[in-house]
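Chemist: If you read the sequences in order, they're chains A, B, C and D.
Just so you know, we're using UniProt numbering here: the first sequence kicks off at 1 and counts up by one.
Just so you know, we're using UniProt numbering here: the second sequence kicks off at 1 and counts up by one.
Just so you know, we're using UniProt numbering here: the third sequence kicks off at 1 and counts up by one.
Just so you know, we're using UniProt numbering here: the fourth sequence kicks off at 1 and counts up by one.
Calculated directly from the structure, the hints in this document are not laboratory data.
Relax, there's no trap hidden among the hints.
Just a few of them, taken from the derived set where beta-carbon distance is under 8 Å, the chain A residues facing chain B:
#, residue
1, LEU39
2, TYR43
3, LEU136
4, MET140
5, SER144
6, ILE147
7, GLN148
A short list of chain A residues far from chain C (calculated; beta carbon distances all over 12 Å):
#, residue
8, GLN116
9, PRO132
10, PHE189
11, GLN191
Simulated crosslink set (EDC-like; lysine to aspartate or glutamate; CA at most 20 Å straight-line):
#, chain 1, residue 1, chain 2, residue 2
12, C, LYS154, A, ASP104
13, C, LYS260, A, ASP160
14, D, LYS5, C, GLU291
15, D, LYS22, A, GLU175
16, C, LYS303, B, GLU101
C-beta: ideal position from N, C-alpha, C; glycine also.
These are the residues of each chain, in order.
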Amino acid sequence: MSQFLRRIISLPIQSIRSFHSFDDVTPAKYISTHLKNGLGSRYVCQLQRLTIQVCKEFRTSYGTREWIANDLMNFARQHPYVVVYVQPRRHRAPNLIGEYLSGDRQWIPLSNCDRQQINWWVHSLLTQQGDPQWRLLKQMHTDSPSIQGIWTPFTNKPNDLITRTYPDKDLIEMEYPQMTATQQIQELFEQQKTNKTT
Amino acid sequence: MFIRTIPKFVPDNIHHDKEVQPLYNKVNNLVKDKYQNRLFAVIQIGNEQRKVTTEDIICKGDEFHPTIGDRIRFEKVLLVGSSDFTIIGRPILDRNFVRVEGIVIEKTLSQTQMDYWYAPRKKKVGQRHFLWRDPLTMIRITNIEILEPIPGTNQSNS
Amino acid sequence: MVRLLRYGTIFGPLKDRWRYLYKNDLYKRRIEAGPEPERFRSSLINWNYDAELYACTHRFGEKMNIESLRNAMTDASFLNQITKQRTEAGLAATDQTTLSFTHNEELAKRGEEIAENFLRRALQFWYPKFPKEGIDAVMEFLISESTIADISLKLGFKTLIRCDGPSPRPKMLKNALFAFIGAVDENNDRSRAELFVSDFILTHLVGKDINEIWHIKNPMGLLTKVLEENGRQAPESRLIWATGVSSVLSTYIVGVYSNKEFLGKSAGATISIAEEMAARDALRRLFETDEKRASIPFDKLYKHGLLIDK
Amino acid sequence: MAFNKAQQLATFSRVWYLFDAKWQCPHLSGEKIARILRGEHKPIYYPGESTGDCVVAINTRHVALRNDAWRAEALHVRREYAKTRYDIPLFKLHELDPTKVLHLCVLNCMPMDNTRRYDMARLYTFPDDAVPAHLLRNVCDQIRGSRVIPKRLDNVTSDDIEKFPQMFKWPKELVLDDLDRDKFVRIVPPEEIPKRQVMLGQRAGRQHYWFHVSTSRHEEVKIN
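Looking at chain A on its own, in the form it has when it is part of the complex (with noise of 0.2 Å):
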């Protein structure tokens, strides 16, 4: 089955990971940021510092080992905003773990992947914020939902209601009325006397 799910996949198998079960129903939220990022002149990357576990010897750990002698350097180079601790374990599975500034932590196992997943993986943990998976109630956030103002029933609406007394006898007629025969006629007689004058 899981072979048969990484041939129809084009991201590795580790991103189908959820951290809920699919019986419970996903845990949802708005769009948040931590302390309003982006706003002011600079940007500040969350992700704190990076721990990359992995074993000298076994086959698992091969892309990981890969990555490493020969993307790490230049990644440390490009983002010294990110501390990062390879830590050797014997016989182990390889991990990645992000700790991001609020706090929060993100744990990947990364056996088997090859080195340009892991080099993804690392990228996704980069350009996060940390926080677990949710399901995204709605598609943007705002703080000021109308500038212009916000709809109320007694917008483009006239005045005077509140002086009225009801059952108020202006309100009762149709505005546009139809023309009724009867004014269609008295119409034509009027036009037919002006007619006769001219």
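Fit chains B, C and D to the given chain A structure using the hints.
Modeler: Quick look at chains B, C and D alone, frame taken from chain A:
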């Protein structure tokens, strides 16, 4: 059935200008008083339109090349307005006229979504699970400003 | 997800008796051991304090000496603890001259001064008509220990602070943040420190209404006072609209006018509430702090004319 | 959050409307009222939310049905057991409950969902002008009618009748003074009217009523 008059289209441009120029001037004067009134805009991002003001976050649910900390300028601005006026583009506003900027603050994955298919067949043949997570990009709008008077008016350069 | 259970299978304590007993025992022992004690982050194996400090300087884009940052992150309680340990060990060198670092009290004072000064100037610059008491209230909110400690926590200072306990108290978090601002001022120039304040402390106002941070007790009284100062007539409130008057969900909309000039309006469940809220609305329109007012341009305050030193 | 609270109250407040049903078509006004009761006239309308307004309808006794509808149309009541269905013609229904016709017309315009009964609970119907004062105090707006109220002949003054343009003149022998009714019409006493019983035990149909349908009280009989 209802008695209703539809205003006719008047090709007379001079008359139109006479009526509309004072309105343009009024809006231009409002715009000169920069940063006093909050502006909002309707921008197009990835085939969908979003109404944004400064400081709000929009979520783009697809692959998106910029990474965190990248500042983006949205060039497809359909509409910009404040509490007193609204300027609508036909269909988009000039890029020299209005500037809407954002910053990518987060690139994450959505919750794990599941598609389950079942057909009553033999063991394990008629079952298929599909599990996936969508990439999400959170963009914060940092700046909306009007750079110059409305194009096509007396006060504008063009 | 759902599996059919066969008849005849055994679950629970009757199947694999030894495993049941073993797991039960483990569970009981874990309960007996109690919750795991809080540990210093530095006690874990993946910890390099110098690297952390180096990363911290780059995180906020400030060029500063590592030693001054180390001083800024050192709390007074840490120093006390060290001297105490040394005296207990019988070492003579307990005074600060022999230690290579100091604590952050002085830097914190310096940072707090900068922050207070800048915040007051920025608020007065952007909301010129907002009265002084209001700005005081907003300042009090921004400088308060809970706010600053929260900011400090979210900036990741929790693990960097050196103090006597594994988790720093709010006071220590606050000191650390202000000390960081002081250190920025020490290493770079004043404007850089003020930019830091505007980026991380002033942005705490986003999504909050400053009219609500400053709670006015008698809005109608204040409105009359403000109008008198401006030489205008006293406010009078009028009922604009009401619906469902004798029902449970009644709504009144009351407007406030001065000499037939519109000041503000608001809705309320009763007339008195609506009137009070209308007065508040009129006040925020007069002070130009209402919803349609643009938010503070955090990165462009200097561009708009806020001077660095005054 | 005090300002938000006030804004919330203003946006979601229920407006009380008054509707004068005199000389209005209940079907047309039913459409109008149903929209308001469901809240579809508001921009904040969303199918799951209850955003409807309240409506007080007065003068429902004086609604005007189209053509022959008072006689020809009926309320078809299906009771659950066999051969127990019956029809109530609208004029009879109107006699029994003068608010029922408008009520049913509004109900007919509501979609068949769960909120239907809750929305209908916000409609207050009164047969006449007499409305409880506490309800009338709630009202803050009025729904305009969908039909022009006709002027009846007895309300028109004789001057206006004379002034009204005449297209042609009737021959004298064809003109009868219609207002002088007693000259031509005799009111038949009820004893003389033949009683017609509707058969029971038939299939429900339009002419199958559960009550005795008497013929009209007075028949127009030409004397000469």
